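Engineer: Going down the list, the sequences are from chains A and B.
Take the first sequence: its letter number 89 is residue 89 in UniProt numbering, and every next letter is one higher.
Take the second sequence: its letter number 72 is residue 72 in UniProt numbering, and every next letter is one higher.
Source of the hints: derived by calculation from the structure; they are not laboratory data.
Given the structure is predicted, the values throughout are model-derived calculations rather than measurements.
Among these hints, one or two may not hold up.
Over 12 Å on every C-beta distance to chain B, these chain A residues come out as not near it, computed from the model [unchecked claim]:
hint, residue
1, A59
2, I67
3, L92
4, N127
5, T130
6, V154
If the Cβ cut is set under 7 Å, some of the chain A residues that face chain B in the computed set are [stated by the list, open to error]:
hint, residue
7, N38
8, N46
9, R79
10, I82
11, L84
12, T93
13, I102
14, A113
15, W115
16, L155
The calculated label-pair distances, taken between Cβ atoms and stated as ranges, are [stated by the list, open to error]:
hint, chain 1, residue 1, chain 2, residue 2, range
17, A, G114, B, Y152, 44 to 54 Å
18, B, L14, A, V145, 24 to 34 Å
19, A, G114, B, I83, 36 to 46 Å
20, A, F8, B, L39, 51 to 61 Å
21, A, L69, B, Y152, 36 to 46 Å
22, B, E108, A, K42, 15 to 25 Å
23, B, I7, A, Y152, 39 to 49 Å
24, B, H47, A, R5, 44 to 54 Å
Cβ atoms here follow ideal geometry from the backbone N, Cα and C, with glycine treated the same way.
Number of protein chains: 2
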Amino acid sequence: MTKNRRIFTTVLRLLALAATVSATIVMVTSHDSTNVLNLTFKAKYNHSPAFTYFVIVEAIISGYNLIILLLSSKGSLWRMVIILDVVAALLLTSSMSAALAIAQVGKEGNTHAGWLPICGQVSKFCNHVTGALVAGILAAMFYFVLNLLTLYNVLNPLFVVKPNQLPWEF
Amino acid sequence: MTKNRRIFTTVLRLLALAATVSATIVMVTSHDSTNVLNLTFKAKYNHSPAFTYFVIVEAIISGYNLIILLLSSKGSLWRMVIILDVVAALLLTSSMSAALAIAQVGKEGNTHAGWLPICGQVSKFCNHVTGALVAGILAAMFYFVLNLLTLYNVLNPLFVVKPNQLPWEF
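Just chain A, same shape as in the assembly (with noise of 0.2 Å):
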């Protein structure tokens, strides 16, 4: 059971160190121009600090997660492990939801605001953006269930193990 848990969990780092790399490399090389009016409008990830905490986000959680991956999974450091990964966790989703709250504008605009969409006009840029956002979401989808196997693992919620067995107490 306990070797069937690492496995699974290597399994679920694995997934994520993949997403967030193809987020990082999507998103960076995302660039695309048009001419309205003789005017060159250029689109790239870096105009928007949304999709530019989003690099970097990513970015750092592939290095987090790649050192992880790297590290003996027998040793003391593993509690600490669990509470970085909920950062890590708390890190992607907050990248991924201004990244997708801007992407959202970017397609459909704001005609309240007066933001029109730019899409139509960049449509390789925003191909670029929407390949890796999915990304995005997946890499967070995966911490999330890493965090939440590995939390119900440790406080065993449903009373497998007696609660007085437990040594902490509230």
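Guided by the hints, dock chain B onto chain A, whose structure is given.
Structural biologist: Then chain B, alone, in the frame of chain A:
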């Protein structure tokens, strides 16, 4: 020590409740209108999906937090509450990040995308949104500290309890 910890946790929950309730009320009551070229330009929170998502999450977490505060702190439900608290922190961080990303465009605009800032026209609306976002950021911070504190106590990452006293393994 345990009593102090419980008092600190309750204070954090009360602060988070005050922050989420304030964020909900201040965001929902935010509206303003202005005339540009004989056209009335109205601003309201539900004109943006990110702000609507923010209000829904802040309201849900207010309700959740109130229920947890009213429950007895000695019940055995508290292990599940730790997991639910992590989910609450993820939701708060996600909605706050999305709303912040849109508010940044509202305040600064985005010259690359041709999105003009709107805060000059609807400053009353912008002030309300800023207030709601400050409350939302505080709520996410209180929940972050609450999670760190609880997980630290449960996981004991710096070995105050001997490792072999812990009922779980990796």
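Engineer: Hint by hint, note whether the structure agrees.
Structural biologist: Consistency of the hints with the structure:
Residue placement check: A59/A keeps its beta carbon more than 12 Å from all beta carbons of chain B (closest about 17 Å). Chain B leaves I67/A outside its interface by the beta-carbon criterion, the shortest separation being 16 Å against a cut-off of 12 Å. Non-interface call for L92/A relative to chain B: violated, since the shortest CB-CB distance, roughly 9 Å, does not exceed 12 Å. Remark: the non-interface label on N127/A is consistent with the geometry, its nearest Cβ contact in chain B lying 16 Å away (cut-off 12 Å).
Under the 12 Å C-beta cut-off, the non-interface status given to T130/A relative to chain B holds; the minimum distance is some 16 Å. For V154/A, the requirement that its beta carbon stay farther than 12 Å from each beta carbon of chain B is not met, with the minimum near 5 Å. For N38/A, the interface hint is violated, since its Cβ never comes within 7 Å of a Cβ in chain B; the closest pair sits about 15 Å apart. The interface hint given for N46/A is violated, since its Cβ lies 10 Å from the closest Cβ of chain B, which is over the 7 Å cut-off.
Proximity of R79/A to chain B holds as hinted, the smallest CB-CB distance being about 4 Å (cut-off 7 Å). The restraint placing I82/A at the interface with chain B holds, with a minimum CB-CB distance near 6 Å, inside the 7 Å limit. Hint status for L84/A relative to chain B: violated, with the closest Cβ pair at about 9 Å, above 7 Å. A least Cβ separation of about 5 Å between T93/A and chain B falls short of the 7 Å threshold, and the interface hint therefore holds.
Interface hint status for I102/A: upheld, as the beta-carbon distance to the closest one in chain B is roughly 5 Å, under 7 Å. The beta carbon of A113/A is positioned within 7 Å of a beta carbon in chain B (closest approach about 5 Å), and the interface hint is therefore held. For W115/A, the interface hint holds, the least distance from its beta-carbon to any beta-carbon of chain B being 4 Å, beneath 7 Å. Because the smallest distance between the Cβ of L155/A and any Cβ of chain B comes to about 4 Å, under 7 Å, the interface hint for this residue holds.
A beta carbon spacing of about 48 Å between G114/A and Y152/B agrees with the range 44 to 54 Å that was offered as a hint. Checked against the hint of 24 to 34 Å, the pair L14/B and V145/A passes, with Cβ atoms roughly 31 Å apart. Hint check: G114/A to I83/B, Cβ distance near 43 Å, so the stated range 36 to 46 Å holds. The hint said 51 to 61 Å for the Cβ distance between F8/A and L39/B, and at roughly 57 Å that hint holds.
Look at L69/A against Y152/B: about 24 Å separates their beta carbons, and that is not inside 36 to 46 Å. Distance hint check: the CB atoms of E108/B and K42/A are about 18 Å apart, consistent with the given range 15 to 25 Å. As the Cβ distance of I7/B to Y152/A is approximately 28 Å, the hint placing it in 39 to 49 Å is violated. One distance hint, 44 to 54 Å for the beta-carbon pair H47/B and R5/A, holds here, with the actual separation near 47 Å.
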